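Trainee: Single-letter residue listing:
2 protein chains.
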Amino acid sequence: MAQPVAVSLTPLLKDELDIVIPTIRNLDFLEMWRPFFQPYHLIIVQDGDPSKTIKVPDGFDYELYNRNDINRILGPKASCISFKDSACRCFGYMVSKKKYIYTIDDDCFVANDPSGKPINALEQHIKNLLSPSTPFFFNTLYDPFREGADFVRGYPFSLREGAPTAASHGLWLNIPDYDAPTQLVKPLERNTRYVDMVLTIPKSTLFPMCGMNLAFDRELIGPAMYFGLMGDGQPIGRYDDMWAGWCSKVICDHLGLGIKTGLPYIFHSKASNPFVNLRKEYKGIFWQEEIIPFFQNAVIPKECTTVQKCYIELAKQVKEKLSKVDPYFDKLADAMVTWIQAWDELNPAVAAKSNGKA
Amino acid sequence: MAQPVAVSLTPLLKDELDIVIPTIRNLDFLEMWRPFFQPYHLIIVQDGDPSKTIKVPDGFDYELYNRNDINRILGPKASCISFKDSACRCFGYMVSKKKYIYTIDDDCFVANDPSGKPINALEQHIKNLLSPSTPFFFNTLYDPFREGADFVRGYPFSLREGAPTAASHGLWLNIPDYDAPTQLVKPLERNTRYVDMVLTIPKSTLFPMCGMNLAFDRELIGPAMYFGLMGDGQPIGRYDDMWAGWCSKVICDHLGLGIKTGLPYIFHSKASNPFVNLRKEYKGIFWQEEIIPFFQNAVIPKECTTVQKCYIELAKQVKEKLSKVDPYFDKLADAMVTWIQAWDELNPAVAAKSNGKA
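Keeping their order, the protein sequence lines are chains X and A. Going by the working numbering, the first residue of the first sequence is number 33, and it counts up by one from there. Going by the working numbering, the first residue of the second sequence is number 33, and it counts up by one from there.
Be careful, since some hints might not be right.
Pairs count within a copy or across copies, as identical chains cannot be separated in the list.
[As the list claims (entries may be wrong)] Mimicking EDC-like on lysine to aspartate or glutamate, the simulated pairs with C-alpha atoms at most 20 Å apart in a straight line are:
no., residue 1, residue 2
1, K315, E377
2, K315, D228
3, K149, D228
4, K116, E63
5, K218, E193
6, K315, D138
7, K363, E63
8, K218, E179
9, K312, D358
10, K351, D362
11, K130, E345
12, K315, E95
13, K302, D228
In case anyone wonders, no lab produced these hints; they're calculated from the structure. Source: prediction; values computed, not measured.
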């Protein structure tokens, strides 16, 4: 590898990372993750009926927020947090006091690598986050910072320091993350291909970011990881992570940060109902045809030197250019601004630090 | 897979593909490739002393060109073909009458996949070329046209037809394609990681294209696959394939074509001498720091609707903007124009067809 990644016997970043889990059910899935997750602090965001009790297996260190908590903590600004949708997870990003976040869905289990060894997904995400990205030029042997790899002939030496890594997007074995039409057409397709690779998504390239198995650096990109308005009372669902992915990629490109995708895999246990999904996605299938060119062409002015400033600027452009697609985007643009206000309220020190750094 | 790729029992594209091999020695390496290459026609370009006889194993159908042949066929335009450098291989691209080219170095052997099965590199390249690319948006499960894969949730439906694939860049197990400084620093590093993946290099992203294991569609991109002026009498070597890669990627981006990288692997048997390589690469290490921004910022006017027109335009820009780096680029820009003239002379029908198509 081009530069060594720190490895220690105590869990990496034990006191610097929170695991955020949105859920509507008892968290039995954590039993399988115990060897990997138990040293870390969990932030559980209860999605839906706050009167229901969520059971967390013994021995985990956690805080749990339900809708009543969100309303109490954010007051009127709670309107920016989705209700009855796993998009509510982004509240966990906001209340965390740590530098790093790992978020995972409660239907994701430990996958095995081709040798049969259980994959410590969190450890791989941390390796991805702690080593630089290479967004400015493609390396044909992929992540040059992995052991046994490096920059290939023809890779400019001036770019070999790389860029700070803001996010690490992990993948899924078994049930692939397909949209409803693809689920309907290919109900039996399973992802069985373990691709032993991490790569940086090149600058100016958008990708479909899935929130199922995702890690990021809150200080570098946190305020852009807003999962939008989905679920209860909204005309759309299942685009929460996509929205966060488009916004955060455009902002990373502007700020010179990298996003990696590839390893680690989790085992995605069950396909969600394609009929329900189709209803949620229906409008998004049309809207994304206009949203993606919008993000591909979005230009953030040089004066925007922090994630917050970039995000507010994007909110302005969403209002200007996407409201004509549907009035929903007008509401979403307002929620984006509210989100940043709430973020800065809960993170005064980080906001200041981030302002100072950029 | 999103769309089926034609598979037949007779070798794919048997009468539509030439294998181009630059060499200075007897082609014993072909014995290992016999099961995969024998059905195809070979074009051997003899690099160096034309009085030497190159032995080709029995049973292969081939034509062989040495320097005398090149001089005879191209006359004064032979000046654009490098001498005493494997860059001369591009003469083979020019004299071919087929739609597809596969080019491979004579120190590349058959690699095995993780199950121990010999990899038919050519077959994988053909699959890559015959299925579309996805340069406009990144698919997190990589090539959606491979079996068991598809476009993931959030991939715009309007982009799922993809773009025609112009080139397929294969990789190398064992000796990685490192530059001289990296070879010197890591003499023992071997590539042992088999990454079971093909992906499209996104639009607007440059990559270091290696000529060791490369296939392309002559009709779509052939005239851009010029390997420049290297070797005898030139101040630089080992940038022939890089040059072709930068030019062809910029032109593919302009024309809406895709380039894939990843599978197939070949087994690269021996590292070239890093001291010799350093002497060849020395100037390139400095020059690439200016060449890459040049290509990253190159804009080809809309009127350039054929590869030839794009290439002539690039030659003009090279002369304008890179001659100040070194007078070599002035000479190279002239050679680029000569190359296109020679190409069109040898390929009148294809030139017309390509002009008509665009």
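Trainee: Given a CA cutoff of 20 Å, do K302 and D228 count as a within-copy pair, a between-copy pair, both, or neither?
Mentor: neither (23 Å within a copy, 25 Å between copies)
Trainee: Checking K351 and D362: alpha-carbon separation at most 20 Å within a copy, between copies, both or neither?
Mentor: within (5 Å within a copy, 50 Å between copies)
Trainee: Evaluate K315 and D138 at a C-alpha cut-off of 20 Å and name the case that applies: within, between, both or neither.
Mentor: neither (26 Å within a copy, 55 Å between copies)
Trainee: For the identical chains here, do K315 and D228 meet the 20 Å Cα criterion within one copy, between copies, both, or neither?
Mentor: neither (35 Å within a copy, 35 Å between copies)
Trainee: Is it within, between, both or neither when you check K218 against E179 at 20 Å Cα-Cα?
Mentor: For K218 and E179, only the inter-copy Cα distance (12 Å) is at most 20 Å; the intra-copy one is 37 Å.
Trainee: Could you figure out if K315 and E377 sit no more than 20 Å apart (CA to CA) within one copy, between two copies, both or neither?
Mentor: The answer is neither: 33 Å in one copy and 54 Å across copies each exceed 20 Å.
Trainee: Indicate which option fits the pair K116, E63 if close means a Cα-Cα distance not exceeding 20 Å: within, between, both or neither.
Mentor: Classified as neither; 25 Å inside a copy, 64 Å across copies.
Trainee: Quick one: K130 to E345, C-alpha cut-off 20 Å, is that within a copy, between copies, both, or neither?
Mentor: neither (26 Å within a copy, 52 Å between copies)
Trainee: 20 Å Cα cut-off: does K315 pair with E95 within a copy, between copies, both or neither?
Mentor: Classified as neither: same-chain Cα gap 35 Å, cross-chain 59 Å, threshold 20 Å.
Trainee: When Cα atoms must be at most 20 Å apart, do K363 and E63 count as within-copy, between-copy, both, or neither?
Mentor: Classified as neither: same-chain Cα gap 40 Å, cross-chain 67 Å, threshold 20 Å.
Trainee: Measure nothing new, just compare the shortest in-copy and cross-copy C-alpha distances for K312 and D358 to 20 Å and report within, between, both or neither.
Mentor: Result: close within a single copy only, 16 Å intra versus 59 Å inter.
Trainee: Using 20 Å as the alpha-carbon threshold, which applies to K218 and E193: within, between, both, or neither?
Mentor: between (43 Å within a copy, 18 Å between copies)
The structure fails hints 1, 2, 4, 6, 7, 11, 12, 13 (numbered hints given earlier, in ascending order).
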